[in-house]
Each structure stands twice: as C-alpha cells, then as structure tokens.
Amino acid sequence: MVDVVDLSAPRQHPLRATLRRLMHHRLFLLGLFLFGIVAIVAMLAPIIAPLDPNKLAMRNKFRPPSADFVFGTDNFGRSLWSRVVWGAQLSMFIGFSVVVINAVFGTAIGAAAGYFRKLDNALMRVNDALMAFPAVLLAIAVTAVLGPSVNDVIIALGIVYTPRTARIVRSSVIVLREMEYVQAAVAAGAGHWRILRHHILPNAMAPLIVQLSFLFAYAVLTEATLSFLGVGAVPPTPTWGNIMAEGRQYMLDAPWIITIPGAALMITVLGLNLLGDGLRDVLDPRLRIQS
Amino acid sequence: MSLLEVRNLTTAFQTARGEITAMEDVSFDLNPGEILGIVGESGSGKSVTALTIMGLLPRPPARIASGSIRFGGQELTTLSEGRMQKLRGPGIAMVFQEPMTSLNPVFTIGDQIVETIRAHENLSNRALTARAIEMLEKVGIPSAATRMSDFPHQLSGGQRQRVMLAIALVCRPKLLIADEPTTALDVTIQAQILDLMMDLRDEFGMAIMIITHNMGVIAETADRVMVMYAGRVVEEAPVMRLFDHPMHPYTRGLLECVPAIGQDKERLVAIPGTLPEPANRPRGCRFAPRCAHAIADCSAGLPPLETLAPQHTAACFRAIELQSA
Amino acid sequence: MTTLIVRRLLSALPIMLIVSLITFAMIHLIPGDPAVAIAGLSATREQVENIRRDLGLDQPLMSQLWHWYANLLQGDLGRSLLLGQPVVKATMDRLPVTLALSAYALILTLAIGLTSGIVAALRQNTWIDQAAMVFAMIGISLPNFYLGLLMIILFAVELRWLPTGGYIPLMQDPIGWLATSTMPAFSLALLLAGLLARITRSTMLEVLRQDYIRTARAKGLPNRQVVMKHALANAMIPIVTVVGIIVSLLISGSVVTETLFSIPGIGQLLTQAVLNRDYPMVQGGLLITTGLLVLVNIGVDVCYALLDPRVRYDG
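Chains as they are written, first to last, in this note's numbering: chain D, 1 to 291; chain B, 1 to 325; chain W, 1 to 315.
Everything labelled a hint here was simulated from the structure, so no lab data went into it.
Just so it is clear, CB atoms sit at the ideal spot from N, CA and C, and this is done for glycine as well.
Accuracy of the hints is not assured; some may be wrong.
Said to hold, decoys possible - Beyond 10 angstroms from chain W on every Cβ pair, some chain D residues (computed):
1) A17
2) R59
3) P255
Unchecked claim - Footprint (simulated), chain W over chain B, 3 or more residues, beta carbon under 8 angstroms:
4) 79-89
5) 95-103
6) 110-119
7) 159-172
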C-alpha cells in the first residue's frame, strides 16, 4: 500500500535503468520536448534569426504577425522573431550559468557544512540569512550594487539561489555521513576527500539534479522578472522581460509584443518544471508527489 | 442462529499486472460470544478477510468478487456505505496491530473516544464524557478522568492499545475484530492485553475474531481456530481438537514451532520455504511445494475443504491417510 | 508555549544579525567609489563629496558599522536620497498597502490551493484530479507579471470590468480597494495556489494512508468527519510550514505586481529606489521586509506547534 523506500541503503541508479524509466514517463517527455524546442531555437539563433534583433526599421513598426514577420514587429520596427529567438539564447545562457554556479558552489558549501560539523554552524547561519531575504528583493538589491549587465544578473541569481541548493546538498550529506558504509570507509582510514568524492557525493546526486532542473526554471523566471522591472540587463538587450516591458505601453494596439515572449517564457518554465517532476519521480521517489 | 455467516467469500485486488485474489472461497460462522482465531502467515489473507467484513478495503482497487457476509441476518456485501458506517462501532468494531500509529496524534484520547459515541448515539456532552471515562476505567487506564486530555504520544504502547480497545468497545459492539492486537507489544504487556480482552468479552458478551500468526495467542484465547494459507482456509476446528489432532500438514508445521507467548514475532521458521506470491501460486494444493508429504496428485487440483471429523474440516488430499499413518 | 516563542525569537537573532551585516555591506560592495555611483555620472565633485559625507562614507569602516548598528537600535535607517524622508517612515507608509494586497492574495491562495488539493486527493486519478493538477502545473509555470498583463488585456482593456491599475486605500473606500486589488491579488495567487495545491494533494494522500484514518473509519465516523477532521488536522501540519514559503514568495511577487499595476507598496518603492540608486532606501527596505518575513516564519513555527501536540508538549 505504502511505497516504502529504504533510506539506509545507498541507492545506486544504473544509468540505463534510470533512462528507461524516464523514457516511459510521459510528462517528462513532454517537458523534454518543450524545453528541447527552446534550447534548439536558442542554439540555432544566428541561423534561424539572421535579422539583427536590435536593427531599427521605423517604417516597419507595429506590424502584426504575418508572412513577412512571423511574430510581427515592435515599436521600433524590430523583428520580434529575431528578438524572441535571441532572447531565448540569453535566457538559456543565464539559466545554464546559474545552474553551473549552483552545482559548483552549492555542492561545495553544502558538502562542507554537512560533512565537517565544525563548519556547519557558521556556514548554515550565513546560508539561512541569505535565504531569509525574499528572493526577488535580494536579486534586485544585488543588481543595484553590481550593475545592470547579463553577467551581473547571473551573479545576483547565483547569490540568491546557491544557499537553497547548498541546503539540499547538506541534508543529503548529513544522512549519508552516518551510513554504515561511510563509517566503514572512515574506519578503514580513507581521507575526507576520498570519502566525500567516492562515497557521499555520488549518492547525493539525485536530489541535486532534481533541484537543479527546478532551479533552471526559477533562474529563467527571475531573470525575466528583473528585466521586466528594468533592473536586469539594460535595454535594448533582447531579453524576454525587456521585450515585454517595452511592449507594455503598446499593449492595446500591439498585444503580440507581450503575448509572444510571455508564451515563450511560459513554455520554457513549464518544460523545466515537467522535467523536474519527472526526474524527481524517477531519481528521488521519496519526494514523489504522485502516489 | 450465528451472529456472522461468511459464505464463499472472495476478495480480489486490481493491480498493474492484472487481478489477484487476496482471499478466496472463505466460509465460516461465528456465534454470539464466541472467540474465533484466524491464524496464518502474513499474506495468507487473514487481514483481508477482516477488512472485507468491516468494509474498509478501498474499492477500487479491492472488489468482492463473490460470496456473502451476513451479520445478524443482514447482508453486508450489498449494504450502502452509509448503512455500513452506522454498523461500524455498535455492530462490528476493530482494533489494529499498531497501537503506536492507530491513534490520531493530534487529538486527545478523550476526544477520540467521545467522537466515536457521538457518531452513533445522541447524548449530552456530560453523558458522553462520563461514558468515555467509564470505558477508560474498564480497559484499565488509571486515573482515567485526567488521562482524557492526554495525547497519544503521552501514553505507552500498551496503554494506547487499551485506548484502542476502549474506542472499539465504547459502543458495545456485537463483534470485535482484533487484527494482531498484541504483536507490536512487549511480552508482559501482550499477556495483559489478552487477559483484558477475555475479561471484556465476559463483561460485554461480544464475539471476537482474533487474527494472529501466533499459535500461542490462539491457545490462550480462541474457542475455535481457522487456519489460512495463501488466501484459502486449510483447516478449521475447535481449539483443543486442533492442537490435539491437527489434520493439515501446514497446521502441524505451525504447531511445531509455537513460540512461547510474546516470543519473536514473524518466526514460523520450522516450515521451509515461503508463501507463494498471489500472482504466481502453484497449481493444485498451494502448500504442496513446501509440504513434506506432497505427492504428484497434490498438484492435480485444489483440495476441497472436507469435514473429516465432527466440527473439524481440512483441505488436504492426504489428511486421513496421514492421520492414520 | 511562551518558552517556545522566546526560544524562536532568540534563534532568529543571529540570522537577523547576519542579515543586517549583509545589508550594511551592500553599499561597500559597489564596484569603484560608492559615492560616485550614487551621485551619478553627471554629478559635480561637490555633490559627490556631499553624498559621501551625508552617508558617512568618509568615516572609517568600523565607525560606519558602529553607527549603522547604533542607529538601527534607535529605529533609524537613514534618509532616502530620492524622497528626502526617513527610510523607516517611507517604508512604514507603504507597508500597509503591501500587507493588504498580500493578505488578499494569501486568502485567495489558501482558498483555491487547499480546496483543489484536497479535492484532487480525494478523487485521486479521476479526471477531476488530473484537471486540478494540470491547472496547478500551468499555474506554477506562469510568470505572475505575464498573467497580470494578460489579465489587464482581458479584464481592463477588452471587457473594461476593472481598472488597469492604480490604488485606492482599503480604509478610504473598501469597494474601490477591491476593484483595484482584485487583479493584482489573483495574478499573485494563482501561481502560489498551484504550488499549494500540489503540496496539499501529496500531503493529503500521505495522510489518508495512515493507520489512524483506518481507525477513524473503523469506528464508524462519517466520511466527511474522517477527511475534514482527522485527515485535515494532520495534513495541515506540513502545509503550515509551506505557508511561510508562500508568504516569502508573495513578497517577492508583489515587487513586480505592484510595479505592473501601479500600486504604491514596498515593492514599487524598492524598485524605484534601485532604479534611482537610492541605496539607503534599498538597504532599509530590504532589512525591514526581511525582518518582517523572519517574524512571519516565527509565527508559522508557533502555528506548527499549536497544530502538533507532539511539538507543543515536548517544548
């Protein structure tokens, strides 16, 4: 009746079995499909959107979607297709960078705090303090300090979200540290580094991977929020948030300037959330929402 | 007339790999005031039998595939959920194996007893409280009035099982089903709870169906015993008769490994092998693969439950032959 | 209970100490000369020096830190460069607006999220369950400013049911407040309701499997009582902890919602402060908001203890 998962056993996931289960998870596949489309569009941006996203052409302004301009044009006559496609590239770049920052620093901080009891208190106090700030407020405050470039936004999002990742890694490490096979390795005289690398971190990967896929979604979403507020990458950088912020004034006459990048943003986030749900179902059944 | 008449009852579960029968063709009677022991390994279908009678199996996936349950002359298999709900408590009550998790952690024990009465009887608050305290005293909770406002986590396991008994009996049921009521408890507490159940039977006069895998518990309590294996009844007899003249090889196996009361729980090790999975039960006699006396014919068909002596039935092709041997 | 509250307040102290340190450090992390950054590129040398002196940036760091905490203890967080008024006053003026909007959105979130989560759990694997979960999934994937924009296009521009933005204080005109707050509150709540519905559903499913639910059924309680009393009382325990997270997300969400709907709350105040390099305002607003959030989380912990006697009695 109840799915009991033995927490005490180090759960190994032979890659092939995991992949097979993922390939049978329909919502995961849908997520992969949605996210895949956005990712491919982002990578192919120079080929499929050869028009400069920032090229002004006032005689073409406010063209609704048509054969000439698939997504129409904006108030400066810029091709919305080009802007949205290049915006996808920026979103992917920022999301991926934040994921990498989290994977590296979140794992390092979480592992250090979870494994070395002496560091735990100090690290987690700072960690908790950073998590106490409302995420978007902290992000805009950090961009206020650092500046309004794409790199600064990435750093801001890294500062906001890395503590959350660190906390997840830390809880896995604390559980794993007490496992018999780890204690056996300690008794056998293995060094800390070896124990962490070979015995603890591989088994802490599953929740981390799940977290990172959701994090990608948050990062994309928060970046769009920041640029929509005007505190992200400066216009005319074609981020989805910037396009929507500029389109706001014209939403009566040219609603497509808002609806199209908004839909792109939603598809990306939906895809990532479905991916995350699927990964959690397969990799980390303890957290499963479906029974 | 018997209080409970179960006839050819079969309960099936829908699973991902098709339908499986957790218990099949189970028939028995229970008279008012009588104690019937149902014994078997985990997975033998004894708990499913109890939950089917209580109407507590989630449907779907569970389904009564055939058979009838008559309780006090009333057919339960076709009874509406509303009527069934009225019957639980004053008609049939149940205590479970896990006293630690069977009480709701966020309500006081007083509340959990009182709400049981309130669901079935229209009483003033004062009368409800008085009834609840009286019941707590009857199950041996000291200073019952003050313990009413305790939460389950403030009680020991034995006390919690006493509270479970109080909840079950507070509406004076005609039948109490006790599913492994002592398995989770310490040895000394086990005996106390069993004694308490016997005393309460004498006081309230209800019939008891006690489910256990422990032959020692059966010997202490039951008037009559029904042995189940892999979803089917394999033997039924009055308790003395069964202990003296077991006719099914499985029952004999069980008796050879009777632990003293309270001895380790799932230790029916004297019989080699394990219970077959419901999805791939052997053809013919289901016990044959583990039976020391099995012959080729045993796999030919299901052995019918036959009356081999007065009040004594068993389902074994070789029962008579082995008896005389 | 009192000891619990005191203990939680005490444990929040180190967090708030670090939060205030981080906030203090912000201005010093500005690349280059903070005074120049604040004054802007077109400022004269004199203006830069004035700002430097006003903000005490010419003092040694330790002295600045000392003043920061000395003033903090007196409830003084400096003056807003943009508004010219004390940061604390500017924040407190805007706070009721944000609180009213957040409360409205929180009520909507709880009503929609809890109901759909419970119904989905009770009707597990039926079309109702699946529909609720599809909506929840779309809800958590829909950026709230996008939802807000779509709502403005539909309800304000096309249907003309509600104003596109603006704000009428609750105390001044409750109907007007409702008219101006409904779209912002819904655009905030739908996303969080999706989150809450998913968590409520999984928690309820977990609780409904517990032994004590079987006991409640076995003693003949009506189904409504089994679900609404026995199951819900236990499911609320983990759900309450989520409410703390939801409030944090509400505050985050209100930043963009207030800007979008021109609501003069803290979110708009801080966005304006960031855009105008009004660092004292950014620091102060951030610190006050975070402090409030820490208090909310203490409140959540207390509710948690109230709901769970095991926590309540053991300390």
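In terms of Cβ atoms, is chain W entirely out of 10 angstroms range of D:A17?
Given a closest Cβ separation of 25 angstroms, the condition holds.
Grab the minimum beta-carbon distance between D:R59 and chain W and tell me whether it stays above 10 angstroms.
27 angstroms, holds
In terms of beta carbon proximity below 8 angstroms, does the stretch 110-119 of chain B have 3 or more residues touching chain W?
holds (count 3)
Closer than 8 angstroms Cβ to Cβ for three or more residues is the test here. Does the stretch 95-103 of chain B pass it with chain W?
holds (count 5)
Are three or more residues of the stretch 79-89 of chain B within 8 angstroms, CB to CB, of chain W?
Our answer is that it holds, as 6 residues pass the Cβ test (under 8 angstroms) against chain W, meeting three.
How does the coverage statement for the stretch 159-172 of chain B fare against chain W, requiring three or more residues with Cβ below 8 angstroms from a Cβ of that chain?
holds (count 4)
According to the definition I'm using, a residue is off the interface if its beta carbon is farther than 10 angstroms from all beta carbons of the partner; does D:P255 meet that for chain W?
D:P255 not clear of chain W: closest Cβ-Cβ about 6 angstroms, inside 10 angstroms.
In terms of the numbered hints stated before, the structure departs from hint 3 and from no other.
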